[in-house]
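**Student:** Listed below, chain by chain, are the residues.
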Amino acid sequence: MRAVDAIVECLKAEGVDTVFGLPGGANLPTYDALYDGGVRHVLCRHEAGAGHAAEGYAKASGRVGVALATSGPGATNLVTPIADAMMDSVPTVFVTGQVRTELIGTDGFQEADTTGITMPVVKHSILIQDPREIPRAISEAFHIARTGRPGPVLVDVPQDLSRVDIDYDPIDSVSLPGYQPTVEGNAKQIKLAAKALANARRPVFYAGGGVINANASDELSELCLADAFPVTCTVMGLGAFPAPHDQWLGMLGMHGTRAANYAMDEADLICAVGARFDDRITGKLSEFAPRAKFIHIDIDPAEISKNVPAHIPIVGDAKRILPKLVREYRALETDGSRLDGWWERIRGWREKHPLGYEDSVDSEIKPQYMVEAMYEATDGKAIVTSDVGQHQMWCAQYYDFPKPRRWINSGGLGTMGFGLPSALGAKVACPDQTVVCLAGDGSLQMNIQELATCVTENVPVKVFLMNNHYLGMVRQWQELFWDRRYSGVDMGTTPDWVKLAEAYGATGMRATEKGSLVETMREALATEGPVVVDVQVTKEENCYPMIPAGQAARDMVG
Amino acid sequence: MGEEPAPPAVLDLDELQIPGGGHTGRRHILSILVENKPGVLARISGLFSRRGFNIDTLAVGPTDDPRISRITLTVDGALHPIDQVTKQLHKLVNVLKIRDLEPRETVARELALFKLAAEGESRGQIVQFAEIFRGKVIDVSKRSLTVEVTGTDDKIEAFEDLVRPYGLIEMVRTGEIAVARGRSTT
Ligand SMILES: Cc1ncc(C[n+]2csc(CCOP(=O)(O)OP(=O)(O)O)c2C)c(N)n1
Ligand SMILES: [Mg+2]
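Note that the protein sequences, when read in sequence, are chains A and B. Going by our numbering, the first sequence opens with residue 1, and the numbers climb by one from there. Going by our numbering, the second sequence opens with residue 559, and the numbers climb by one from there.
If a hint is listed, it holds; no wrong ones were tucked in.
Partner residues are not named here, just some residues of chain B that face chain A (Cβ under 10 Å, in silico):
| id | residue |
| --- | --- |
| 1 | ILE576 |
| 2 | ALA600 |
| 3 | ASP641 |
| 4 | LYS645 |
| 5 | VAL653 |
| 6 | LYS655 |
A short, non-exhaustive set of chain A residues, derived as facing chain B with CB atoms under 10 Å:
| id | residue |
| --- | --- |
| 7 | HIS124 |
| 8 | SER125 |
| 9 | TYR179 |
| 10 | ALA292 |
| 11 | PRO301 |
By construction, these hints were calculated from the structure, which means they are not laboratory data. Note that the Cβ used here is the ideal one computed from N, Cα and C, for glycine as well.
When you get a sec, could you build the whole thing from the sequences and use the hints?
**Tutor:** Put into structure tokens, the structure is as follows:
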């Protein structure tokens, strides 16, 4: 069969039911194979949309997301989603077309050095040089994307090679001598960690997206509930521990709760699981958790002691390590009352500094209330994707995620325009679940074209647009740290979102009053097909609390 | 012998230490086996620049197995946490093996070519230095001498210091290559 038919066969062998993409000259052969190849193709309106859709698909389902693009501009349009998938460890495979072999290096039409351009932002990449390598390359790509610390893998296929006839034998095992992730976790270290936990008086669990990637949320909960361990999550980890919960402190970091950040500050032992001590978590590194010793559990050895030195490093898969740690911990039969004093302190912070905002006295919709309304309208059960900005942080603060894979956002790269396409991907992956995109008015315009995809492909995502007419997060920083010199943040004439939605063939709605907001949202959820609800919120509201960049947890404001 | 007694469950958190491996303060020679595939060197050099690590020297060549190449590079362990460097390198799929060579258990050599403006009486002086350093004069013209010197980087630097005053036109160095001492493979 043609090499491209083998690509489609490989995709099916990997269990891929849907791919996202957009064709062009260099990947015409691939599209020919897709014509009747038995894999659903979702035609996106921009390759960035396709890439983020693949991410949304992967994050919602845990399966590998796949996006296709042609050479040159198609491939360069994928760079942002690839970088995004790298930062947030999203299992994804990107298959790009490349110009014919004889044109490579000649600045041929639509030639770009795709493997070169993406090299710093891929987990791995393969430029096909022999068509017979293609099936193995695709299998390796999937293997690398989904195992170890997941991430994006790119396969660049020159057009001429993709048309060659090859023998296709299904690849049933991949062995890469240079790629052998550690999974089990060192038994001695696990024992030591249990002992440290048993002797800690002010412990905190700090969980990140790695727990979700490892499908280890239940295991995490079991460990945290083995005693009254307080738990906080990063913006990537929300849902790894069920919120709300007595032991749940809320999110930590720049816009985290005071209880979470103060607990980190005073902790004597911090157990980090699948988290990477990003600067949005640590703030000023030299003043981060100054009293704490660290247990650091991660599948990626390079994360350990990268930013914060770990006293008890444990490399491996959280799903394998956490149950062993639970067993070791239980065997020590500790007295849970040693944490009473610690909880008293934490409860004090919680009572004194709960998350909160001043609600409007009139019918004005406060952005925080909008998230609460969304929670109410969806019964707290939706898959929520988000763009990047204030709305994202408010959602992280005010929407309690009871389960993993319900909160899909761009945490590491902070990519505006992530919300709508990732909602598309999530809904394709999980058609039976309610998928809501909480959009920003700045962000939504960055990938609004995917509304056409949702309509054409009949993917009924509900977009709740938090419309503050500003690039709100940047405006907030200008207000707080740049003397209110609002430079380049006013969105000026914004589109009429209702008409825009209708122009795309979706349903448009508008909400301007607090009193009927939940009702409007319910109506949107009950409406067939994609819906955009333009929610007019307070224009100049700030997201608090906040640790100003480069400062310590103790310096939280608001 | 009976079973080892279970360690007491009591642990003073203050006793927990951070395992070493960060800034060592010395120069490290990393011997890296990589798959002989296109782009591997770009991946390694890209990783160094992306992570803000400096490569002091770099030498690449084939091994006895045509599918595998060896990269020998030196990094300053005072500037960079060596364990971060090696752990990041390990994440590259085409990197098969990394050995951070122990200085005392390693023989390292570098080759350098010195082109010197050797006129008049300095010619004899330079030839003499070359002999002392077990170097070889490999090219002679009326107005220059080219000397080949092999050795550790210390030795090459010593030779450079010595001949510089005589008019160093240019110098080319290969970067160090190294093998572990004794029978074991590097
Ligand atoms: C692609 C991209 N460009 C620029 C930024 C910088 N940035 C971060 S938040 C933000 C404002 C986003 O505005 P909006 O989507 O309206 O969200 P809001 O903060 O108003 O809720 C900007 C411009 C970014 N994160 N991503
Ligand atoms: Mg906005």
